[in-house]
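Student: With the first letter of the sequence shown counted as 1, position 389 gets the number 388 in numbering that gives the first Met the number 0; the numbers rise by one all the way through.
You may find that some hints are simply not true.
DSBU-like mimics (lysine-lysine), calculated; alpha carbons at most 35 angstroms apart, straight line [claimed, not checked]:
1) K187 <-> K222
2) K329 <-> K452
3) K338 <-> K274
4) K197 <-> K222
5) K187 <-> K353
6) K187 <-> K45
7) K373 <-> K452
8) K34 <-> K222
9) K279 <-> K353
10) K248 <-> K329
11) K337 <-> K316
12) K225 <-> K180
13) K34 <-> K225
14) K451 <-> K426
Distance windows between CB atoms, simulated [to be verified]:
15) K426 <-> K400: 36 to 42 angstroms
16) R239 <-> K34: 45 to 51 angstroms
17) G443 <-> E381: 16 to 22 angstroms
18) A208 <-> P272: 53 to 59 angstroms
19) R379 <-> S204: 37 to 43 angstroms
20) K55 <-> V15: 52 to 58 angstroms
21) T293 <-> K34: 51 to 57 angstroms
22) D140 <-> G223: 17 to 23 angstroms
Derived by calculation from the structure, the hints in this document are not laboratory data.
All residues carry an ideal CB built from backbone N, CA and C; glycine is no exception.
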Amino acid sequence: MRNRFYVWLLFISAAVFVLYAVFAAYREATPEWKKYQLTFKEFLVKNAQDAETRDKARALTVEIQQIYLGALGVVDRCTSCHIGVEIPFMARAAEPLARHSGEYLKNHPPDRFGCTVCHYGQGRATNKKEAHGLGHDTHWDYPIIPLEYIQSSCATCHDLEMLRERGGGKLVKGEKLFRDKGCKGCHKLDNVGGVLGKALDGVGSQSIAYFPMTSPIAMPSVKGEKTVYSWMKQHFDDPRNLVLGSEMKSDFTDQESDLLTTYVLSLRSGEMPKKYRRIKETPGAGGAREDGETLFRMYCIACHTTGNESVNDEVFKRTIPAIMNPAFLKAASNTYLKKVIEEGRAGTQMTAWKTAAAGLTDREVDTLVAYITKRRPGERPEPFRSAGYKGDAAHGRELYKIRCISCHGARGQGGVGLNLRNPVVQKEAEPDFLAITIRDGRAGTHMAAFGKKGVGLSDQDIADIVTYVRTLSKEKQPQ
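Start from the sequences, fold in the hints, and give me the full structure.
Tutor: Next comes the structure, spelled out in structure tokens:
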């Protein structure tokens, strides 16, 4: 009985082996690329205009096509399937035999550029699944780029000015949108920008392992194909849907998300060999002299919007001040504004923008200050002359608890109102500036006028509050 079992086991094993061998042999004899080349050859024979052309078509060798580019370290076999990419009359053929769209190959012949340098994918593969690198079981870091984002490859060799007129319009629009939406207010690029988000240098070259495709428990994951391209687009659509606790703002239309995805994917690390590059300059990437409005858009607008009204930000859970508010500008000096921009505000999302931190030059900070103050009212506020008062910190503390705590917090840590413990406020805000702000308030913000024309505090009361406020940094921060 036992011998019969082993005989059957041996028989079944042998049958499985034979079937597998036959299947493997069949796959080797009829590879995917071969089917396409035979179809291509048949098409040429059928549509030949004369006997000589027909004979040449019949003589075509069916074999793997390979392009080797030593300068790029690239081996591409893509044309084993996409064999008609350079043939004009294949324009209406079905994929993968169709001619390449547009006129791109006139200046980018495959024998010089290959395919994967622009399209990504696995160049050595000889079947669609592995060549395109799609699917959870392909394990390929750089799958083929969807056509809607293919312009992201253009910036590897070309500057944006050239692309503006030569087929890179989507990439150019994405770069402009990146600047106009203030993305550099949170993200560094070329060592310039905010620090709230991750630096974006080389993000377009990050492998798929860098991006979390599945979010934490009870959070959705990337929909559809789990690729970098899908992650990037869906992250622009809804950042907190993929990154728990993200402070990134998202008010983009679907088209804007596509444009931004195209641009951010173009931020690749490494350089192409010199003979491939046609880069003259990169607008906005250092060296270019920017005006105040451009700088404000790049670095400030994401948080401060127009700067004319304070914003109760739901993402940051704090009030963003109206830095172009007339009442504020009447009292704030250029020196104070410059110091705030350079040093930032500790404990808030306000980045320090000096060269050693976010990378702005002294000239750029001065340009920003000039732009912010361009509508400063001509009349100055009535002087307060703090030096004429001896402030009582104890009395100021009692008044603070009654008048200020609801907005500025129990120890000045901020809330609806600003963080008064901030080092720049403590060290750089002059007593008169603080006193005038308390006395006159700020129209268009939550800050009421607490002086005689407002709530009714006396000048001595205001001097007492200022004296107490300037001691806040010494008090223990509440937990």
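Student: Run every hint past the structure and note whether it holds.
Tutor: Okay, the hints, checked on the actual structure:
1. Taking the CA atoms of K187 and K222, the gap is about 28 angstroms. The hint holds against a cut of 35 angstroms.
2. Distance restraint check for K329 and K452: the Cα-Cα separation of roughly 18 angstroms lies within the 35 angstroms cut-off, and the hinted pair is therefore satisfied.
3. Restraint check for K338 and K274: not satisfied, since their Cα atoms lie roughly 46 angstroms apart, outside the 35 angstroms limit.
4. This hinted pair checks out: K197 and K222 have alpha carbons roughly 23 angstroms apart, not beyond 35 angstroms.
5. Restraint check for K187 and K353: the C-alpha separation of about 13 angstroms stays at or below 35 angstroms, so the hint holds.
6. The straight-line distance between the Cα atoms of K187 and K45 is roughly 58 angstroms, outside the 35 angstroms bound, and the hint therefore fails.
7. With a C-alpha separation of about 28 angstroms, the suggested pairing of K373 with K452 holds against the 35 angstroms cut-off.
8. Only pairs whose Cα atoms come within 35 angstroms are accepted, and K34 paired with K222 is accepted, the gap being roughly 33 angstroms.
9. For the given pair, K279 sits about 28 angstroms from K353 by alpha-carbon distance, which is consistent with the 35 angstroms threshold.
10. Restraint check: the Cα-Cα separation between K248 and K329 comes to about 31 angstroms, which is no more than 35 angstroms; the hinted pair holds.
11. Simply put, K337 and K316 have alpha-carbon atoms about 25 angstroms apart, close enough for the 35 angstroms limit, and the pair holds.
12. The hinted pair formed by K225 and K180 meets the criterion: a straight-line CA distance of about 27 angstroms does not exceed 35 angstroms.
13. Restraint check for K34 and K225: satisfied, since their Cα atoms lie roughly 29 angstroms apart, inside the 35 angstroms limit.
14. Our distance criterion of 35 angstroms between C-alpha atoms is met by K451 and K426, whose separation comes to about 27 angstroms.
15. The beta-carbon spacing between K426 and K400, approximately 24 angstroms, falls outside the hinted interval of 36 to 42 angstroms.
16. The hinted range of 45 to 51 angstroms is satisfied by R239 and K34, whose Cβ atoms lie roughly 46 angstroms apart.
17. For the pair G443 and E381, the supplied restraint of 16 to 22 angstroms holds, since their beta-carbon distance comes to about 20 angstroms.
18. Restraint check, A208 to P272: a C-beta distance of roughly 27 angstroms breaks the suggested window 53 to 59 angstroms.
19. In this structure the hint that R379 and S204 lie 37 to 43 angstroms apart at CB is violated, the actual value being about 53 angstroms.
20. Between K55 and V15 the beta carbon distance is about 46 angstroms. The supplied range of 52 to 58 angstroms is therefore violated.
21. Take T293 and K34: their Cβ atoms lie about 55 angstroms apart, and the range 51 to 57 angstroms holds.
22. In this structure, D140 and G223 meet the distance hint of 17 to 23 angstroms, their C-beta atoms being roughly 18 angstroms apart.
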